[in-house]
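Trainee: This is what each chain is made of:
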Amino acid sequence: MNCQQCRDLLVEYSEELLEAPNKKKVDDHLDACPDCRTELQQLVDMQNSLRENGRVVGRIDLQDRVFNQILREQQNRINSAHMAGPISIIRSLFMKNPLLKIAAVAATVVIVVLGLTFIPGNITFAQVVEPLLNARTVVFDLIVGDEVEGFAARDFVIGSKLRRDVPSLNNILIMDLDASRMLVLDTSGKGALYIKIEGFLAEGQRDVINLVRNAVSFAMNDPDAVIEEFGRKTVDGREAVGFHISDPTSETTIWADPDTALPVRIELALGDTPYILKNIQFDVPLDESLVSMEVPPGYTLVEQQGDWSEFSEDDFIVVLRIFAEYLLSGSYPETLGLEDVMGIQPQLARIPQPADMSDEEAMDIIMSYGKGILFFAQLAGSGADWRYTGRGVQFGEADKVVFWYHVPGSSSYRAIYGDLHVEDVSSPDLLP
Amino acid sequence: MTENDKYYVTRCLDGHPDDFRYLVERYQSILLANLSGQLGDRDRAEEAAQETLVRAYFRMNRLKKPNSFFSWLLGIANRVAKEQRRKERAWLRRESPSSLSEEAPAAKESPHAELQKAVSALPERYRQVILLRYYGERSCRQIAEQLEMPLGTVTKSLSRAYAMLRQSLQQE
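Note that the protein sequences, when read in sequence, are chains H and F. Going by the working numbering, the first sequence opens with residue 1, and the numbers climb by one from there. Going by the working numbering, the second sequence opens with residue 1, and the numbers climb by one from there.
Hints were generated in silico from the structure; no laboratory data involved. C-beta: ideal position from N, C-alpha, C; glycine also. Every clue listed holds true.
In silico lysine-lysine, DSSO-like type, Cα no more than 27 Å apart, as pairs:
(1) F:K65 - H:K233
(2) H:K400 - F:K82
(3) H:K278 - F:K64
(4) F:K6 - H:K278
Label-pair distances were calculated between CB atoms; the ranges are:
(5) F:R125 - H:Q281: 16 to 26 Å
(6) H:R154 - F:E124: 15 to 25 Å
(7) H:P285 - F:G40: 50 to 60 Å
(8) F:N61 - H:E39: 45 to 55 Å
(9) H:S412 - F:K64: 42 to 52 Å
(10) F:H112 - H:G231: 29 to 39 Å
Assemble the whole structure, with the sequences as input and the hints as a guide.
Mentor: Written out as structure tokens, the structure reads:
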């Protein structure tokens with residue numbers, strides 16, 4: 001037995017999991033090898049520290065506290081369900097026409113993935129990724145958040161067209177990035193809608209496609225990165241070689257095909273949000289009809305065309321209004337971020353449209369919602385100073401700021417108050 | 001308490017919410033260890049562990065694979081910790097805007113706190129085995145069964161995790 005073979009077995013040895021013959025081999029080697037004895041001692045020390053730490057953290061009994069809180073929350077939910085009745089009648093909004101909800105869904109799907117463009121730092125391409133850059137088709141599953149519970153989509157990239165299937169939301173997006181146009185399909189209600197996506201949104205989607213490629217070159221180029229090899233393993237049903245890359249801002253694990261060196265699975269933790277790209281395939285033959293911009297047979301096209309090329313603060317105010325006035329019974333949300341926007345999706349699609357609101361008006365509001373999210377995504381991604389301060393503020397409170405941001409390229413700040421009026425503020429010291 | 005997570009999750013969803021107690025009992029210490037490392041403070045970690053379990057209770061119907069309860073629970077805990085840190089930063093900024101720009105001299109942490117921090121910074125797959133082994137007092141075989149992986153993968157993960165912990169403690 002050599003040192004490496006011995007060290008590979010030390011955990012099993014210390015856990016008394018080795019069969020007698022192997023145990024004897026390790027014993028014999030340890031008798032003869034002071035280095036491996038030191039290695040074993042370090043291992044045992046670490047195990048003892050962890051065991052001791054387990055005792056310090058100690059036993060805790062949260063059962064009563066947890067169940068008391070559950071009871072309180074159940075009571076609150078019952079109370080707010082009672083309140084929601086009259087409120088939903090008085091303030092009901094959108095969805096008389098089920099076709100319209102597809103725009104709201106599209107807004108969510110788009111923003112979820114724009115999260116990926118918030119990645120800090122500049123990632124440059126390297127020659128290593130040349131084959132990826134030239135791949136004509138890429139297919140992958142994209143998961144944001146928890147692998148079991150998070151947002152999951154399947155992406156098909158064919159040239160400059162991207163198709164994103166989101167079965168959990170009954171939604172398919174097809175984007176033609178050269179034509180700056182997106183077709184949204186609602187597979188449950190059989191509705192179809194075109195949205196113009198010039199500028200920020202189209203660029204954001206390109207970044208997503210490039211992410212697969214970037215993850216590789218990033219690892220190769222980052223001088224601070226620590227790259228470790230994991231060896232071979234079966235990943236998502238195929239054999240792959242793993243690399244783990246740590247750097248100060250992210251943890252990346254790349255599983256690559258051992259023959260082609262192309263990535264098959266990428267796990268990224270950026271800040272606190274995990275992204276998983278899995279079942280990645282390059283240059284698979286794909287039918288062009290997958291990314292056809294024609295409305296499929298059996299679908300009804302919404303007459304108005306949406307336009308998400310331009311968006312403004314006014315659109316963002318619509319988002320705040322929808323959160324506070326319509327979804328949270330008069331309170332602003334605790335936090336405002338990607339997860340919150342994703343979380344309200346199911347409720348958004350259920351808000352009924354009032355009888356006196358025309359489809360055009362409802363459509364405008366829904367479109368503004370999507371654009372408002374884009375405004376927020378761009379602001380957050382631009383590195384501008386902004387803060388959401390709406391926690392505990394009630395809808396209508398004119399003296400409390402719920403959101404403020406620095407206007408890029410100017411010295412002034414914009415502050416949005418609880419009643420949704422907006423003021424210019426000269427200094428951040430005047431803001432919460 | 002020998003049933004697996006799937007059994008209790010199914011029981012809860014089948015109209016026996018009291019059985020959630022067994023899951024609380026099984027994971028409270030593990031959550032506390034994980035969150036202490038992330039939040040650096042026992043009281044806040046207890047609060048966050050409580051909040052994590054309450055959220056899990058109300059969202060259990062959204063758990064697609066009952067076998068993955070533990071990893072799902074850790075995901076919720078991560079979000080709770082993140083929200084708590086975000087709120088604290090906002091609070092700090094309001095109370096003393098200057099404190100964020102001036103780096104406060106870091107107090108020397110106790111070895112226990114350092115170790116917890118290092119554990120909570122491990123990549124998830126390694127963190128899971130360490131948490132289960134030392135804070136959940138599972139044997140390697142039990143971990144293999146729970147995470148549905150070969151015993152050899154558990155011991156390799158532990159080995160890798162020890163190396164990462166050692167490295168991160170040396171850097172402190």
